[in-house]
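Each chain, written out:
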Amino acid sequence: ATEPEKNNYAIWSLIKQGWRRKPEQEDKVRRLISNLPYEDLRRKYQPNRQYANNSIKTTKYTVWSFIPMNLFEQFHRFANVYFVVIAMLNFVPIVNAFEPGVALIPICVILILTAIKDAWEDFRRYQADKQLNNMPCSIYSRKEKDFVSKCWKDVRVGDFVKVVCNEVIPADILLLHSSDPNGVCHIETANLDGETNLKQRQIVRGFAAPDGSFQPEYFSSIIYCEKPSNNLNRFKGYLDKPDKKKIGFGKENLLLRGCTVRNTDEAAGIVVYAGHETKAMLNNKGPRYKRSKLERKVNTDVLFCVALLFIMCLIGALGYFIWLETFPDIPPFVPPDSNNNYISPALSGFYMFFTMVILLQVLIPISLYVSIELIKVGQIFFITNDIDLYDEETDSRIQCRALNITEDLGQIKYIFSDKTGTLTENKMVFRRCSVMGIEYCHRENAGSQRTGAYPAKQGTRPKGHPRGDASLPQGTPGRTQTPDPPHSRTQPSPLHHSTPIETDVAPDRRLLRVTCDEKTQIQEWCRVSHCNGSASFMDFFLALAICNTVVVSTAMLPRQRSLLKRMGSLSHIVNSFQSIPEKSSKSRSSLKDVKEEEAEDYSDSGSNNPSRRNSSASHHSEEERGTVSDPNGLCYEAESPDEAALVYAAKAYGFTLLARAPDRVTVRLPQGAVLSFEVLDTLAFDSTRKRMSVVVRHPITREVVIYTKGADSAIMELLDCHVQSERKKIASKTQRHLDLYASAGLRTLCIAKKVLSEQAYDDWASIRQEAESTIDNREELLMETAVHLETNLTLLGATGIEDRLQDDVPATIAALREAGIQVWVLTGDKNETAVNIAYSCRLFNQGDMVFTLNTDSRQCESILDCTLGEVRRYTAPSQSWSFQSIVGAVMPTESTGPTFGLVIEGRTLSMVFEAHLQMKLLELARHCRSVLCCRVTPLQKSAVVKLVRNKLKVMTLSIGDGANDVNMIQTADIGIGISGQEGMQAVMASDFAITHFKHLKKLLLVHGHWCYSRLAKMVIYFFYKNVMYVNLLFWYQFYCGFSGTAMIDYWLMIFFNLFFTSTPPIMFGIMDRDISAETLLGLPELYKTGQNSEFYKRATFWIVMLDAFYQSLVCFFIPYWTYQGSDIDIFTFGTPMNTVSLFTILLHLAIEIKSWTAIHWGFMVGSVLLYFIVALIFSAICINCNPPSNPYWIMENQMADPVFYLVCIITTVVALLPRYIIRVLQGTLALSPLVQARKLDRLSTEARDQQIKNWKSQRSPSEVPTNLVSPVDSFSNSFEQSFYNSSLEREMPDMQWDSNEETQNTFSKGHRRSISTMTV
Amino acid sequence: HPRDVRTCETNKHRTGSSGEGTTNRPDNTAFDQQRLPAWQPVLSAGIVIPGFLLVGLAFIGIGVALFVTSRSIQVLEVSAPKGFPPLAVPPTRGGPVFLYYGLSNYFQNVRGYGCLAMTTSSGGTCPRCSPSSSCAPYQYDQNTTIAPCGSVANSMFNDTFTLYQLVNATRKTVPLDGKGIAWWTDYNIKFRNPPEVDGSLAAAFNGTVKPVNWPKPVYDLDPTNPANNGFLNQDFLVWMRTAALPDFWKLYRRITEGEYASGLPAGNYTLEIQYNYPVANFAGRKSVIFSNTSWMGGKNQFLGIAYLVTGSLCVVMSAVMLIVYAKFNSPDEDF
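Chains as they are written, first to last, in full-length UniProt numbering: chain R, 1 to 1320; chain Y, 1 to 335.
The hints are simulated quantities; they were obtained by calculation from the structure and are not laboratory data.
Glycine residues also receive a C-beta, built at the ideal position from the N, C-alpha and C atoms.
Please note that a few of the clues may not be correct.
[Unchecked claim] Chain R stretches covered by chain Y per the calculated footprint, using a threshold of three residues with CB under 8 Å from any CB of chain Y: (1) 377 to 390; (2) 394 to 402; (3) 691 to 704; (4) 1152 to 1166; (5) 1221 to 1228; (6) 1239 to 1249.
Only chain Y is shown next, with the shape it has when bound in the complex:
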């Protein structure tokens, strides 16, 4: 029959063409068939015992190291009322000693407080650039641009401390090093002074006005050291680095010079505080902290203890796991 023949032909043709590869058959690859070789750990007491033990021992080791290190760091915190608190400083080893001021109940991290927008895109700070609206209300003072603008800058800490050692009833000034207390990147990259006009920084800030709360304009922050003025004032930079927590320290000075370079010698000291900064409105306290540092930074008992506790816990867990293992492990289970 003619049609029969035709059917045969078309059929043959179609089988042929479909045989050439246009099949719908899924690829038989390990990926497509979800047969990729896999590591299938079954967590069980048997395998975790050594892990727990090792981790536990390692942690205890780290904990001891941390603890010892932390113990070696000496911190002297003096709550700072007005006046000249006499200090009996025990012998400190391992300098240099850092002098911090501490503020408690001071929420530098409040949202909306932290704002300084007088920066240019190139990374420098431009006093006459129109400051961002987020600096409001410390943006303009009678339509003159505030430099530096923003509430953080406005509320900059401005107490000054002077440390004297009492040697034979005479006060010997302890040299305080104000250089390099800010982050290197803050000083060198993030903040920039406007280019000096006629060698004068003040002229560069011409057309701006000092923040409301500041006694002095920004170019006159440090009368002792003209280089330490403007936006590159170290204290200003330190202050601008917003503290994370309401009770915070900020580095005030380092004691790096002379006989004090390797730590404050034991003796009596007195601290002269020029009390400028009000803390009563937020029920805060001020303090002054002397501390030396180690490879792990400042004194921190917690981390060492945490490591010790966790390490011991892991060791205990490995013992518990051993019991569990002995009790519940089926003999045919081998790993």
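Looking at chain R on its own, in the form it has when it is part of the complex:
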């Protein structure tokens, strides 16, 4: 009601304020008109010139502004400010510094290095922008009278832009035209919000041209809309037509930048927001600056160094004062100031403080920051170059979007993962079914997965996209796979499903044979018009094909046009049956051929090729294809992917759903006959009933048939209990199969049927009619009628659908968990699905005790308390008090102590947050191995992450693929986006973007460990290096009257940090490999060292400080005592110290380096050589520098003196002896797992694998050893194996079932037991 008022207000404000140059700044309204009349005019005559155009720029600098802006930014950093202050201090004469100009060198080098790095980063952004800006699009041109191809950056507000199917929308466009007769345009907003289902956008009212043409020239309205905002769900405005009519529009008329047009041939409209003003860009805030945990720690330790520096300077100042006071008179060597005056000792001491600051400034490791940044660049280089993290299919590497948190990867304690699309492929695959109590395991489906011939990735390909023989079977050495072109997503084939669905169901051979057999019976079935039990297979597949709400669309046309002509006439069917016998015999022979093939060959050659997708098992279906219209032309769009999977499964067996209209479904039978069912009613799915039904009239028998599909618990209760025992037996067998499916993580559905008498239906229909016409309680009444009808069902069978996990997800999760990482899954999905997936990806193990918190009442707290008590009872066996469990499944106690899992629903979660029970929840969650949160909103996801992160003070990682994960990705310490299925939103928000969940394993366990250990050790080393070197100077102060003299020439001193000892630690930080990738992957528990920050603790820092003090003492006093009481001059005295500290510092690093490659040797030897060369050259040419005791010829003199070498050797040895001995003892006693792992690395590959196995079984004897042999889903593999064997050898799967009676009992009890009983 307020809408017109608002509009009026907007108009009034517009009129009042008149036309200003920049009305946008004052108004709440954006006014724009078509650009076309002004097409060739200059910019200043353009009506919409004040609005941003569509080119985007995310770079920080331009070529010209780079130097000033970058400097400005750099001086904002604390460290650099420190350096500048020091440099300025150098110029204060009273402080009496070294050559002030020289002091500027380090800061300049650091600034330049940082600037180069920043420039590189900005250049990358520039390139990305450029790529986006130059994407093609079609803009209407008045001259050409047609849409012409231009770039995204040329799009301006007021332009008319056309987008064709599967094109990405370049700007926010008001939809004015669509090729769809109904004036709608389907878009996929995955890029924005992660939702993959199609959204309908409508043409602005009144713009639907009757002839489907679009003539932008005639567009003469003025558009008023709100100012740009980042709210995706708010858009309002109106069109002011020339005839003063106003037409309102809203967000349903807006095509957003970044979305993709689907299922609509073309759409066009006028641009209202462009470039940075589009909602997509306003939502994209760019990466936030993250500071890694290590860096935060470094900062505190730098503060310690500052404190240390302060103390040392204070000692210096005091010492100078006291030293001055000790003399009875003014000694000749205490210089007066330039006016020949002597300053009072106190004041001199005060000045001396600052002199000391300058002398000892290196103590603050300023270059540490630059080194860290350089190291991170190197680490990122190696991460992005890891071929294991490269995805052939999309030709994409891992993207590191955040450049400064690599080492956080090694310290993760909690992972929060999205489910759909992250753990799973978001593709449903029909995996198994049980018809009439007989299991058909479809091992072909499983087989294709097991051989790893990329069954998963196939589905990502848009349907009908011929790919040739791109993917060869895996394991072929040196396979040359043609990678797909990048950005294939932007221009896929015109056909696309709203949800990617796995369509290649390889039919089970036995089941196929049964259906083939039944084909012969079909004639009889049709003839006698009677359906008995033998036709159940028929019914089963008919139910799969019919009982759903799947919408059929054909390949090229929008879905509405795909309705076929009704072909359900009996004569046609009968005619087409003429050819059946010979066909079925043919198909049999082909089946036999298939059977003789080896399973491997079969799966290799089979389902890989999408163009032959449906024929992977049944050659005959391919033959049949010629007789009718190509079935590949169909594609199904379903509300839930499960439904579509079932329809595809039915199609694989020849029961092809051809069309669905509100009152009619058309199905083609395997024989080619087309049946058209009259749909009498559809009882839609609801969560209470957990089932859906369709009521159809059978075209042949004219019976009223109800097909019901639903959760097993919902269906099993409704079965007709007055039936013969055979039926009951089927039911119990089916139940057993269902249990097994569930335990294998499949989504189970039961299919049932009921034949209704005409009379019964009429009765029911009238009640139904009544219910539909009521106004109050309509929903309840409708449900009641549904429940009333869905009774006494006849069970047809059950299906097991897999939301196929991505490759290696269970193994990855198992490895992550072994690494001490808690994995939480946060999903918007419903409870059952989520729990199923949790089991199949081994988030929960079969032996786990899983608590389910599912309440929205106020009892939340008591339930939490009880659960907590329950958990404590198990974890602390001394407390033997018992109480009644309220929630969840309770497991019999195991001697080893059970592990716990927690399932918590979104509603409960919000209760927890409302009632401030977070700490209790965390307490409970900490006892649980895994936590599964289902039905959570994006906001809750981030709230959970924030809770864990802030309260437990742990490092968190979020991984997700959709826009609904953006919140949590940004909240966590590390956000990882999975690129691929659901657009780029998550990737844009993430710090790292990977293509598969499994990559997480190597990313964390290997790169995380490496990055962390390298950087932590490097940082520690850096602190050590500076303290050690600076302390040399400090000790000398005791022998030079605390006057701030350096016994080392200051050039060499500056070079020492800048050149001689800077590259080895950087190389160390980038390249050192303490443990090989294989061992790290084999022993995930090594990751724990990083989690516990073992390389860099507070203690580590102080120990290394002590070591630095010791070493500096040794490096100072051994030369001191050697040269004491001689005629040694100052630089001759300093040179061995400098040399010795170089050796000590480098050899200290050498002790820490764990693997010496040629590069390591190069850098180490190079540094030493560089030192000697520079020192020799410097002391040869430096005749006049630093008078009077300049370093001229000192190095040469020293190197001619044997004592120099003797001093160097003994000092280095004594300085490093303690560290060396401790390292040796550590290596010998091998107390830490890292040392042990390092020893494993020295073994040959086989020996190492064997050792790793031993290790694992030693460390965790409770773990099942088979788990280690084949970590990839050993459970389900063995599960498959049992089916596989049974069906191959005995052709009687029931036998196998019976032999596993014991196992099944455990299942039927409803408990999930440890796997070991299963696999043994």
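Go by the hints and put chain Y onto chain R.
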């Protein structure tokens, strides 16, 4: 369908072009994949035992050599009060004997003290060049340039020593060699006298004034030897080489001539000291040191002892490591 065909074509085209090498695939090189062949030493008792033993023995060897050498060097240090201290010199072998003067508690290394900036870029010393401000306050004396400027030069040590051997109650002068006591590079490269004007060094220093504390101008430092004057005066050069520590020696003379060339013969000597340099204002002491040298320079007991101690420590460590090795080594570990 026409568009279908088009899609196929573009697809084919794109796959073709991307197949030609513009793939994003990382290089599968050992460097990129961090698989470079590496030596991965694991420090453990087993491997370090021989190392420790060898190093220990070597150190002990070096230590013994150093110790023996050092023992052979004879040092005679005489604290030098005013007057003529009588010296009973034991027989010294291995000449030549060096005569040092020692100053204690003299901080020649104080920052700001060490400064001499009257040098030209070509390496010579130029008296009339305007001296650097860092020489202040010993830069100008009543607006005349001080040569040499700076506080080091100003406070140059100026005691003189004469050594006599008492032979039958008569004093026999021991010839002291003042040549070559400075560094060769100092004498030949670093320091330069200004070009003599009319064969006179004094004229070259015309327009400069002597340092405040000096009794004589720089061109008149050594009246006995005109060549030993100006900036190239050996004592001056020695003094200008700033000592590293507050208790230091500086070479005064060498005894290289005649019967004293191979060491001072045993006997009684007396040292005549012309006491000029005040030490009371810094509570210092002066001393005179006679010492001969060896390949390792002056007498230095410390280095030898340090080597011996460290060497023994290494040997002990190797024994300890042996025990550790025997106790903790796992049998499957073979290197």
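Quick check: the segment 691 to 704 of chain R, covered by chain Y? Criterion 3+ residues, Cβ under 8 Å.
violated (count 0)
In terms of beta carbon proximity below 8 Å, does the segment 1221 to 1228 of chain R have 3 or more residues touching chain Y?
The restraint on the segment 1221 to 1228 of chain R holds, since 7 of its residues have a Cβ under 8 Å from chain Y and three suffice.
Do three or more residues from the segment 377 to 390 of chain R put their C-beta atoms closer than 8 Å to C-beta atoms of chain Y?
holds (count 6)
Tell me if chain Y covers the segment 1152 to 1166 of chain R under the three-residue, 8 Å CB rule, please?
holds (count 7)
Coverage of the segment 394 to 402 of chain R by chain Y, judged on three or more residues with CB within 8 Å
holds (count 3)
Is the coverage entry for the segment 1239 to 1249 of chain R by chain Y consistent with the three-residue Cβ rule at 8 Å?
That given contact holds, which follows from 3 residues of the segment 1239 to 1249 of chain R lying within Cβ reach (below 8 Å) of chain Y.
Hint 3 from the earlier list is the only one contradicted by this structure; the remaining hints agree with it.
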